[in-house]
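K.L.:
For reference, the chains in residue letters:
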Amino acid sequence: MTAQRVVVDPVTRIEGHLRVEAMLDGHGVIRDAMSSGTMWRGIEVILQGRDPRSAWAFCERICGVCTTVHALASVRAVENAVGITVPPNADIIRNIMFLTQMVQDHVIHFYHLHALDWVDVVSALKADPAATAALAQKVSPHWPKASPGYFSDVLGTLQRFVASGQLGIFANAYWGHPAYKLPPEANLMAVAHYLEALVWQKEIIKIHTIFGGKNPHPNYLVGGMASAIDMQSDNAINIERLNYVRGLAQRAQEIVEHLYIPDLMAVASFYPEWTTIGGGVGNYMAYGDVPQKSVGDPSTFLFPRGVILDKNLGEVLPVDPTDPEQIREQIAHSWYRYPKGTEELHPWDGITEPSYTGPKPPYEHLDENDAYTWLKTPRWRGHSMEVGPLARMLVGFASGRDDFKEVVTEALGRLNVPATALFSTLGRTAARGLETRLAVHWLMNELDRLMTNIKNGDQQVADTSLWEPETWPAETKGFGFTEAPRGALGHWVHIKDGKIANYQAVVPSTWNASPRDAKGQHGAYESALIGTPMADPKRPVEILRTIHSFDPCLACASH
Amino acid sequence: MSLKPGMSTYDVLREHGVDRRTFLRFCTATAAAMGLDATMVPRVVEALENKPRIPVIWLHGLECTCCSESFIRSSHPITQDIIFNMISLDYDDTLQAAAGRQAEEIREALVRDHPGEYVLAVEGNAPTRDGGVYCTVGGRTFLDILQETAAKAKFVVAWGSCASNGCVQAAHPNPTGAKPVKDLISGKAVINVPGCPPIAEVMTGVLTYVLTFGRLPELDRFGRPKMFYGKRIHDKCYRRAYFDAGQFVETWDDDGAKKGWCLYKMGCRGPTTYNSCPTFKWNNGVSYPIQSGHGCLGCSEAGFWDNSSFYDRLTSIPVPGIEATPELIGKTLAVAAGVGVAAHFTSFMIKRGIGSKTENVEDGKD
Amino acid sequence: MATRVERFDPSDVAAQPHRYFRRKYVWQWPIRAFHWVNAICILVLFATGLYIANPILSPTGEAYGNFVMGRVLQVHYTFAFIFIVNFLWRIYWFWMGNPYARSGFPFVWKASWWRDLFRQAGDYLALRRGHVHLGHNALGGLVYTLFVIFLGWAQILTGLAMYSESNPGGFWSGIAGWVIPLAGGSFQVRMWHYLFAWVFITFSIVHVYIVFYDGQQYKNGLVTSMISGVKFYQEGDIDCDNWIS
Ligand code: HEM
Ligand code: HEM
Ligand code: NFV
Ligand code: SF4
Ligand code: SF4
Ligand code: F3S
Ligand SMILES: [Mg+2]
Chain R
2 MTAQRVVVDP
12 VTRIEGHLRV
22 EAMLDGHGVI
32 RDAMSSGTMW
42 RGIEVILQGR
52 DPRSAWAFCE
62 RICGVCTTVH
72 ALASVRAVEN
82 AVGITVPPNA
92 DIIRNIMFLT
102 QMVQDHVIHF
112 YHLHALDWVD
122 VVSALKADPA
132 ATAALAQKVS
142 PHWPKASPGY
152 FSDVLGTLQR
162 FVASGQLGIF
172 ANAYWGHPAY
182 KLPPEANLMA
192 VAHYLEALVW
202 QKEIIKIHTI
212 FGGKNPHPNY
222 LVGGMASAID
232 MQSDNAINIE
242 RLNYVRGLAQ
252 RAQEIVEHLY
262 IPDLMAVASF
272 YPEWTTIGGG
282 VGNYMAYGDV
292 PQKSVGDPST
302 FLFPRGVILD
312 KNLGEVLPVD
322 PTDPEQIREQ
332 IAHSWYRYPK
342 GTEELHPWDG
352 ITEPSYTGPK
362 PPYEHLDEND
372 AYTWLKTPRW
382 RGHSMEVGPL
392 ARMLVGFASG
402 RDDFKEVVTE
412 ALGRLNVPAT
422 ALFSTLGRTA
432 ARGLETRLAV
442 HWLMNELDRL
452 MTNIKNGDQQ
462 VADTSLWEPE
472 TWPAETKGFG
482 FTEAPRGALG
492 HWVHIKDGKI
502 ANYQAVVPST
512 WNASPRDAKG
522 QHGAYESALI
532 GTPMADPKRP
542 VEILRTIHSF
552 DPCLACASH
Chain U
308 MSLKPGMSTY
318 DVLREHGVDR
328 RTFLRFCTAT
338 AAAMGLDATM
348 VPRVVEALEN
358 KPRIPVIWLH
368 GLECTCCSES
378 FIRSSHPITQ
388 DIIFNMISLD
398 YDDTLQAAAG
408 RQAEEIREAL
418 VRDHPGEYVL
428 AVEGNAPTRD
438 GGVYCTVGGR
448 TFLDILQETA
458 AKAKFVVAWG
468 SCASNGCVQA
478 AHPNPTGAKP
488 VKDLISGKAV
498 INVPGCPPIA
508 EVMTGVLTYV
518 LTFGRLPELD
528 RFGRPKMFYG
538 KRIHDKCYRR
548 AYFDAGQFVE
558 TWDDDGAKKG
568 WCLYKMGCRG
578 PTTYNSCPTF
588 KWNNGVSYPI
598 QSGHGCLGCS
608 EAGFWDNSSF
618 YDRLTSIPVP
628 GIEATPELIG
638 KTLAVAAGVG
648 VAAHFTSFMI
658 KRGIGSKTEN
668 VEDGKD
Chain S
12 MATRVERFDP
22 SDVAAQPHRY
32 FRRKYVWQWP
42 IRAFHWVNAI
52 CILVLFATGL
62 YIANPILSPT
72 GEAYGNFVMG
82 RVLQVHYTFA
92 FIFIVNFLWR
102 IYWFWMGNPY
112 ARSGFPFVWK
122 ASWWRDLFRQ
132 AGDYLALRRG
142 HVHLGHNALG
152 GLVYTLFVIF
162 LGWAQILTGL
172 AMYSESNPGG
182 FWSGIAGWVI
192 PLAGGSFQVR
202 MWHYLFAWVF
212 ITFSIVHVYI
222 VFYDGQQYKN
232 GLVTSMISGV
242 KFYQEGDIDC
252 DNWIS
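Residue numbers (the numbering used here), protein chains in the order written: chain R, 2 to 560; chain U, 308 to 673; chain S, 12 to 256.
For reference, chain R alone in the conformation it holds in the complex (with noise of 0.2 Å):
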């Protein structure tokens, strides 16, 4: 085999526009690769002399698979800018609106983008329904819908679909490649819960739609949240609504635990070799999140706030993203403008000039020595970051928290692997249902918390005292993050009379699909790319493992 190129653009079963480049050698090992965001919208611009109080809800249009995260960042830096402290109800409600997003998020990443890269459709259609029924009660013996009348009833599904000839969304994909391992009954298996799982996920986002009057993108408001309490109220967040809520959550456990971790499982251990593969920069950042008393108090999020650097879980370094030094976005490699060109600019003073240098379309490749991409290129104190499940359970784990260790020794054991199987591309994905473990969890505590509050006489959901932009300082900068299901998430914005002067987002997508630096370091994507082996080139199912293994979100990379 010759040393070639490989193209794959679009990558599809992710949010927006991928273009991946992997240059191979002789042996079809990926030896460099570019990853190249081919959308931008310029939201940043448009947000310019607008409303600060109105940003949330274009920052949550820049996503709609990770909706509500952008507006929380949102309204987190707005108040961040002009000293609003939200009451504790509004932190507690956004926190529940953050968890079930995470769920609904990995879970839906996990069976309807991820899934069809280990699991092969027509390869089920040999399965033997009795036995596959057999493997669902020993892999999950507390899901109910697991008799073999059930799976013959999914096969015949398939079956005709199959035979129809118009294979719809399966169609001119991977089936029969050789890297696909998983025996027939597990893949009807996963075809089956691809289906459950996508009737399933309507359900938990109703939670946004209790609080936030619809999904996707609910609504947020700066100084707590609308949706006001009052338990004497039918017109308000009252017991019916809270029940409802409860019942979600529960249901959102059950779907967690006894359908997402056991595939998850079951589909890992057919493949031990993807756990040495796509480890990428192994460097790892988090904000962290889900604020115990409030977002000033980082030593209180359930998600803890650090960076590690170079794999080292013996230490986790300190993040300030209002520290000029720490982040800083460069555009070496990115179709952007920069008055110097060369700069290293922190989101503050940052700046969003597109000048697209590019070949002119349509085009064949895009050149790794210029600049080939919508997405900026953050770096934290000069070092390439990845960010996501992968960061968050790393972070924790670095941090001794208990709950973070416990799931993840427990799944390394299960699975018989040594903790450095996480840095992989397999290690990515395991972490993302890990933390759906937690974050389940979590969400029913929260719903706790806002019940003693409640209980207690404390019904207040607003702080409107500087909702007037006269109360406002004439200039002020603020900060506003959060732990998008991708990973670290900021919004920097810098009011000026009432204005947005400046208004910027480094979103994790960004972090781990940004291009090459000045100093030649590869992105998160780029560098989990470099050593991969690939069976058939041509169909290039190997990429999209490891790259789906980040939940690409590109609307949201560059925005």
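Don't read these hints as lab results, they were simulated from the structure.
Given the structure is predicted, the values throughout are model-derived calculations rather than measurements.
All residues carry an ideal CB built from backbone N, CA and C; glycine is no exception.
Please note that the accuracy of each hint is not assured.
[Stated by the list, open to error] If you anchor each label on the Cβ, the simulated ranges turn out as follows:
| hint | chain 1 | residue 1 | chain 2 | residue 2 | range |
| --- | --- | --- | --- | --- | --- |
| 1 | U | 635 | S | 51 | 24 to 32 Å |
| 2 | S | 182 | U | 415 | 45 to 53 Å |
| 3 | R | 371 | U | 635 | 44 to 52 Å |
| 4 | R | 259 | U | 415 | 40 to 48 Å |
| 5 | U | 652 | S | 24 | 30 to 38 Å |
| 6 | U | 526 | R | 312 | 29 to 37 Å |
| 7 | R | 420 | U | 383 | 42 to 50 Å |
| 8 | S | 22 | U | 652 | 36 to 44 Å |
With chain R fixed as given, assemble chains U and S with the ligands onto it according to the hints.
P.N.:
Here is chains U and S with the ligands on its own, set in the frame of chain R:
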């Protein structure tokens, strides 16, 4: 009626115990409903006996993918039924298994080999500035792909406010020159299904309407299906009684907010927004923005991003480049008039004071 | 300024005709009726409109016991329809009335009209008693056309467009619904309607002042003319302006 994979309408009806004679009567009725005369009945019979699931190409341009997210939240029908039984979702880069060339080949083959047979669903819109470089797929501009795919489509569905109206990326100053689908293609029926995103059941409702009745829904002045966008939020809002009573939330979380009073003074755009939120509500009837205490943003209306703060009732006058509110302009005009009048009156009084003296000297009679 | 009232003396009139005023019936009753109905409508519409825009009263108690906004809207609509009928009536009377009913028409193609326009503006600015008109002067006519007729149409159409919104596809939607896409959407229609309301009030302030000023300056009985229909003029003031056919 839902079509199962690989089954024609006839197969489905037969499975439900319908005999051939009844089937033919059904065909005649269907033909009549579609406005066809009797000579067309055999064609209808043929179509319903053999018709496969209609292929759908779902393109994504400048967007947030929220319309897809909304779509998969549909409860009736559930999304699974739509994408596996009713349509053949042959291309949708958010959900499909194939990637890269293998994905593009599907779309290219449909355009090439099945012109006029597939439905084009568009989420997001296309940038037009700088040759469309702000959105490319497979090295081609999205604009190019959109136009190519639309040219051979049976008809076009524009999902969401992006595809229908431009939405957030087209908000001032529209850095990428984003334009809605209807402005970029010609000669095709376009159904606009605005909303940011649209309600899931509105989306699946539009599709199933077309599949069931074999014709496009009635559209309003903005190309929106009347059945879902025919009425204002305000005219169906359950808080309307408070509006009429004059009972308004005055500040967030006040007593009125807890009682569920009208959000008009908090900037609610319900009076200027056409959508089904108060009737269908969101996520299978759980709530809708107003019910959860926040005003409507007007997300299904063209240009709703540029109507200034979401929290003011009277915001910008709709003249691009002018930031002043109509309130400010109006009051300024009125005050200026008052000042002008006062100035004129003062000069008149001064002059008349002098003038009347001389007149009296000249002529006391008058 | 009238300092004394002299006994009427026909011989003096014959000798010094310029010192005596003559009466002329100018505003027929339909004009006067139109005028006052119009004035009242505008005041009521403005007041109710301001409340609609910013409802400051907030009644307490249950919703069923209050109907403040509803009532204000009803009043607004009622006066709106009176305003419209009255408006149409005035347009009808434009043709049916005496020549003064047409004197406000902007005869832009006639040089004499333009001359009068600038002369009148100059006279007002310089506080001069210049040329007296029995009908409208060119400036006044132009202002009525712009600020009453044009603005009136704009306000009626935006108002009807909003009115039609609660029943899309209904009668009023057929009449004025096209305004909505023209303005770019329902929100925009409201903003225009609200802005126009202030323009009406701006007009009214200037108009009422000018009427009083003009009456004082020209001694033409202008203020009472909209009640009695009668205006006064002196020998030398021309009877009817020369651009009116
Ligand atoms: C909201 C208040 C008012 C409005 C909207 C208004 C409107 C109008 C309009 C539209 C005309 C033109 C009539 C026509 O050609 O049919 C007019 C003329 C006139 N109005 Fe008014 N009016 C108002 C108040 C008043 C008041 C308070 C007075 C006097 C006390 C007055 C005295 C007159 C007179 C004398 C004319 C004839 C002016 C001329 O010969 O140029 N108006 N007004
Ligand atoms: C001089 C004439 C008029 C004035 C000064 C006036 C003034 C106003 C003002 C200030 C508003 C509040 C706008 C807002 O904040 O949304 C309003 C609303 C409205 N007006 Fe008028 N208006 C006039 C004539 C009319 C006419 C002729 C109609 C025709 C039916 C009309 C129908 C309406 C409607 C339907 C509304 C909206 C009420 C709502 O929001 O529910 N108006 N008007
Ligand atoms: N990257 C990203 Fe998001 C997430 N998670 C945002 O903050 O998906 Ni659209
Ligand atoms: S219309 Fe709104 S929800 Fe849909 S893609 Fe566009 S921004 Fe997202
Ligand atoms: S809440 Fe909004 S839509 Fe509902 S009645 Fe009030 S103004 Fe109208
Ligand atoms: S913001 Fe959109 S979701 Fe409905 S209530 Fe308003 S149209
Ligand atoms: Mg940015």
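K.L.:
Determine for every hint whether it applies to the structure shown.
P.N.:
Each hint tested on the structure:
| no. | hint | result |
| --- | --- | --- |
| 1 | 635/U <-> 51/S: 24 to 32 Å | holds (28 Å) |
| 2 | 182/S <-> 415/U: 45 to 53 Å | holds (51 Å) |
| 3 | 371/R <-> 635/U: 44 to 52 Å | holds (49 Å) |
| 4 | 259/R <-> 415/U: 40 to 48 Å | holds (43 Å) |
| 5 | 652/U <-> 24/S: 30 to 38 Å | holds (34 Å) |
| 6 | 526/U <-> 312/R: 29 to 37 Å | violated (58 Å) |
| 7 | 420/R <-> 383/U: 42 to 50 Å | holds (47 Å) |
| 8 | 22/S <-> 652/U: 36 to 44 Å | holds (40 Å) |
Violated hints amount to a single one, hint 6; each of the other numbered hints is respected by the structure.
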